[in-house]
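**Student:** Listed below, chain by chain, are the residues.
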Amino acid sequence: MYTQSFSVPDNAGQKNVAAVPSTENPELMAAFDARIDADGRIEPQDWMPDAYRKTLVRQISQHAHSEIVGMLPEGNWISRAPSLKRKAILIAKVQDEGGHGLYLYSAAETLGTSRDQMLEGLHSGKAKYSSIFNYPTLNWADVGVIGWLVDGAAIMNQIPLCRCSYGPYSRAMVRVCKEESFHQRQGYEALLVMMQGTEAQRAMVQDAVNRLWWKCLAMFGPPDADSPNSAQGMRWGIKRISNDELRQKFVDATVPQAKVLGVTLPDPDLKWNEARQHYDYGQIDWQEFWNTVEGNGPCNKERLATRVKAHNDGQWVRDAALAYTRKQQQRAQKEAA
Amino acid sequence: MSAIQPSVAQDRSKQASAPVGGSAPNAVGSVGAPIEYILHLADNAVVLGQRNAEWCGHGPILEEDIAMGNVSLDYIGQARLLYQLAATRMGGDATEDKLAYFRDETQFRNYTLLELPHNGPLVGYAVSDRDYATTVVRNFLYGALMVLVWDALEKSPDADLAAIAAKSLKEARYHLHHAADWLVRFGDGTDESHQRAQAAVDHLFPYTEEFWTPSVAEDAAVAAGAGVDVCSLRAAWDAIVNETLSEATLVRPQVRGYVPEGKHGRHSEHLGYLLGEMQGLARAHPGATW
Ligand SMILES: [Fe+2]
Ligand SMILES: [Fe+2]
Chain S
142 MYTQSFSVPD NAGQKNVAAV PSTENPELMA AFDARIDADG RIEPQDWMPD
192 AYRKTLVRQI SQHAHSEIVG MLPEGNWISR APSLKRKAIL IAKVQDEGGH
242 GLYLYSAAET LGTSRDQMLE GLHSGKAKYS SIFNYPTLNW ADVGVIGWLV
292 DGAAIMNQIP LCRCSYGPYS RAMVRVCKEE SFHQRQGYEA LLVMMQGTEA
342 QRAMVQDAVN RLWWKCLAMF GPPDADSPNS AQGMRWGIKR ISNDELRQKF
392 VDATVPQAKV LGVTLPDPDL KWNEARQHYD YGQIDWQEFW NTVEGNGPCN
442 KERLATRVKA HNDGQWVRDA ALAYTRKQQQ RAQKEAA
Chain P
25 MSAIQPSVAQ DRSKQASAPV GGSAPNAVGS VGAPIEYILH LADNAVVLGQ
75 RNAEWCGHGP ILEEDIAMGN VSLDYIGQAR LLYQLAATRM GGDATEDKLA
125 YFRDETQFRN YTLLELPHNG PLVGYAVSDR DYATTVVRNF LYGALMVLVW
175 DALEKSPDAD LAAIAAKSLK EARYHLHHAA DWLVRFGDGT DESHQRAQAA
225 VDHLFPYTEE FWTPSVAEDA AVAAGAGVDV CSLRAAWDAI VNETLSEATL
275 VRPQVRGYVP EGKHGRHSEH LGYLLGEMQG LARAHPGATW
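For the record, the sequence lines run as chains S and P. Quick note: the first sequence uses this note's numbering, first residue 142, plus one each step. Quick note: the second sequence uses this note's numbering, first residue 25, plus one each step.
Read the hints as simulated data drawn from the structure, not as lab findings. Remember, predicted model here, so these are calculated numbers, not experimental data. The beta-carbon is built from N, C-alpha and C at its ideal position, and this holds for glycine as well. Among these hints, one or two may not hold up.
Pulled a few chain S residues facing chain P out of the computed Cβ check, cut under 7 Å [stated by the list, open to error]: (1) GLY216; (2) ARG221; (3) SER224; (4) ALA229; (5) VAL235; (6) LEU243; (7) TYR244; (8) PRO277; (9) ASN280; (10) TRP281; (11) THR339; (12) GLY423; (13) TRP457; (14) ARG459; (15) ALA462; (16) ALA464.
Pairs of lysine-lysine, BS3-like flavour, derived with a Cα cap of 30 Å [to be verified]: (17) S:LYS319 with P:LYS191; (18) S:LYS390 with S:LYS468; (19) S:LYS412 with S:LYS390; (20) S:LYS400 with S:LYS195; (21) S:LYS267 with S:LYS412; (22) S:LYS319 with P:LYS194; (23) S:LYS195 with S:LYS442; (24) S:LYS450 with S:LYS267; (25) P:LYS191 with S:LYS195; (26) P:LYS194 with S:LYS400; (27) S:LYS475 with S:LYS412; (28) S:LYS226 with P:LYS122; (29) S:LYS390 with S:LYS400; (30) S:LYS400 with S:LYS450; (31) P:LYS179 with S:LYS226; (32) S:LYS468 with S:LYS400; (33) S:LYS195 with S:LYS450; (34) P:LYS191 with P:LYS179.
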């Protein structure tokens with residue numbers, strides 16, 4: 142699953158960086174621009190402007206961090222899954238998200254940044270990840286709703302990235318999107334079964350939707366008017382469709398699904414606009430969104446501290462693997478000598 | 025897999041939550057393993073699957089987080105097939121989830137080894153950081169047993185059980201390989217990893233004594249011609265274990281004294297917590313479909 146974060150700078154909150162000064166070699170820059178304009182792919186060995194590289198590393202690593210942190214809210218329900226089938230599905234899903242993190246770290250490494258450097262960014266709190274994962278998963282239906290809405294929003298965000306200008310990222314996205322679609326269908330199916338079940342099960346689904354709906358809308362990032370990073374991203378073919386357009390597509394696709402499911406989306410302003418041929422929706426609470434992005438949401442500290450603890454607790458395991466490999470190499474050298 | 029005929033255990037359907045032994049033929053002229061024996065295999069798988077899944081999102085390195093998720097997924101998958109087989113043979117309203125979620129601690133027939141938390145010896149309500157060496161050593165000791173058990177059961181005349189064994193054998197080989205690889209790295213890695221691995225071996229080895237004391241269900245399975253004489257596997261298990269421990273520069277401890285009895289339904293203090301967590305939601309909504 143994914144992240145609002147294309148347009149969220151790592152360090153600052155709402156304050157965005159100024160446009161990139163062009164100090165690059167003009168000939169190389171012209172060739173790069175021409176390739177972008179022709180909708181061609183940039184590959185790791187190709188020349189690219191520094192700002193493009195930096196933006197990509199930031200975006201891909203935020204995306205990777207989101208996959209890894211995103212394992213935690215759903216992992217919270219593995220031990221309590223109410224049937225063995227759902228337990229197996231959930232383990233497989235959380236594992237897939239770990240796999241997405243892996244491809245994405247690898248894609249970012251092709252830009253010359255190591256996984257350790259990226260993890261250091263996450264663990265020190267410098268790098269962002271999708272804010273959707275800073276909310277608690279409070280009942281079993283959260284698992285289904287995350288699949289349906291969060292993976293669903295991720296797909297909306299990521300389908301355009303399958304055509305992103307950076308080759309390794311676009312290829313990773315093709316594979317990730319296939320799996321996210323599968324997650325979305327599984328999540329929706331689990332909710333359908335619950336909605337056909339007992340009163341208590343239906344109440345769980347509605348409660349989860351009530352808590353997560355607005356957070357999912359915010360996943361697409363700030364309104365276009367407040368997203369200067371988006372303009373640069375569009376220019377570079379890193380971002381293809383604006384935040385507001387994606388958000389609208391998501392709302393339009395989700396309303397009929399909610400009807401079939403029999404849940405109410407918690408927005409009194411949500412209604413079909415015949416003139417626009419889209420659903421209108423209410424005001425997103427951006428103050429709350431930025432609070433959470435800046436680290437002051439309900440679960441930011443728990444999520445981050447848990448990642449840091451896993452990493453620190455695993456240090457001796459990684460050290461052992463490294464020490465053993467070195468010993469093996471030394472033994473091989475001795476034998477060869 | 026051969027068709028399963030209506031179970032002879034129909035009259036016990038009301039006792040789905042308290043299965044007793046008994047066998048049901050799965051095809052004319054073939055031999056059925058006792059239900060209690062199938063449940064022993066299923067409980068082993070679900071309990072260790074549940075334990076290993078606790079690492080999801082907390083693994084020492086991302087690749088290993090994913091690998092341990094795989095191991096866990098295999099165990100849950102094995103448990104499902106085995107519970108389904110048991111439920112079919114029990115008939116009535118028995119289902120895989122009733123067997124996994126609505127049986128109590130004393131009805132679980134898993135080895136005590138598999139229910140222990142991922143840390144050294146501590147009482148049931150103690151809290152500790154998880155220790156990957158404990159996880160790896162347990163997966164190794166149990167994996168070494170299960171490659172032998174599934175290999176034998178693959179040839180069982182109980183065709184349904186044999187089919188599950190064939191699938192599980194492939195998985196068990198991977199589990200053993202994975203655990204042995206890490207055990208050697210730990211034993212022959214750093215001072216800290218060596219010390220942790222040896223401590224885990226010392227802690228867990230005594231629990232393996234339970235492997236070699238056949239239960240009534242295991243004896244019944246052998247008598248029915250559908251099981252495996254566990255004691256006959258001991259030499260092969262010793263060979264696997266001794267070879268890997270030696271490569272890992274670890275010492276096999278002397279074991280004497282108490283022999284755990286989980287497979288008889290007499291467990292450690294830890295299983296109650298594990299089942300409480302695993303079964304709580306399902307039991308809060310009896311009759312619900314998920
Ligand atoms: Fe996903
Ligand atoms: Fe994902």
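**Student:** Does each hint hold? Answer for all of them.
**Tutor:** Hint by hint, here is what the structure shows:
1. GLY216: Holds, because the Cβ-Cβ distance from GLY216 of chain S to chain P comes to roughly 4 Å (cut-off 7 Å).
2. ARG221: Interface hint status for ARG221 of chain S: holds (5 Å vs cutoff 7 Å).
3. SER224: The hint holds - SER224 of chain S has a Cβ within 7 Å of chain P, the shortest such distance being about 4 Å.
4. ALA229: 5 Å, holds
5. VAL235: 5 Å, holds
6. LEU243: 6 Å, holds
7. TYR244: Hint on TYR244 of chain S: violated, closest Cβ of chain P at ~11 Å, above 7 Å.
8. PRO277: The hint is violated - PRO277 of chain S has no Cβ within 7 Å of chain P, the shortest such distance being about 15 Å.
9. ASN280: 9 Å, violated
10. TRP281: Hint on TRP281 of chain S: holds, closest Cβ of chain P at ~6 Å, below 7 Å.
11. THR339: 5 Å, holds
12. GLY423: 33 Å, violated
13. TRP457: Given a least distance of 5 Å, the restraint on TRP457 of chain S holds.
14. ARG459: Where the cut-off is 7 Å and the nearest Cβ of chain P is about 6 Å from ARG459 of chain S, the hint holds.
15. ALA462: 5 Å, holds
16. ALA464: Holds - the Cβ of ALA464 of chain S comes within 7 Å of chain P, reaching about 5 Å at its closest.
17. S:LYS319 with P:LYS191: With Cα atoms ~27 Å apart, LYS319 of chain S and LYS191 of chain P stay inside 30 Å; holds.
18. S:LYS390 with S:LYS468: Violated: LYS390 of chain S and LYS468 of chain S sit about 56 Å apart, past 30 Å.
19. S:LYS412 with S:LYS390: Judged against 30 Å, a Cα distance of about 14 Å means the pair holds.
20. S:LYS400 with S:LYS195: 43 Å, violated
21. S:LYS267 with S:LYS412: 39 Å, violated
22. S:LYS319 with P:LYS194: Status holds; Cα separation ~28 Å.
23. S:LYS195 with S:LYS442: Satisfied, since the Cα-Cα distance of roughly 27 Å is no more than 30 Å.
24. S:LYS450 with S:LYS267: 17 Å, holds
25. P:LYS191 with S:LYS195: The given pair, whose Cα atoms are some 47 Å apart, is violated under the 30 Å limit.
26. P:LYS194 with S:LYS400: Measuring from Cα to Cα gives roughly 45 Å; hence the hint is violated.
27. S:LYS475 with S:LYS412: 75 Å, violated
28. S:LYS226 with P:LYS122: Roughly 13 Å separates the two Cα atoms, so the pair holds.
29. S:LYS390 with S:LYS400: At roughly 17 Å apart (the allowed maximum being 30 Å), LYS400 of chain S and LYS390 of chain S satisfy the hint.
30. S:LYS400 with S:LYS450: 42 Å, violated
31. P:LYS179 with S:LYS226: Holds, at roughly 28 Å.
32. S:LYS468 with S:LYS400: Distance of about 62 Å is beyond 30 Å: violated.
33. S:LYS195 with S:LYS450: The given pair, whose Cα atoms are some 28 Å apart, holds under the 30 Å limit.
34. P:LYS191 with P:LYS179: Holds - the C-alpha atoms of LYS179 of chain P and LYS191 of chain P are around 12 Å apart, at most 30 Å.
When the structure is compared with the earlier hints, violations turn up for hints 7, 8, 9, 12, 18, 20, 21, 25, 26, 27, 30, 32 and for no others.
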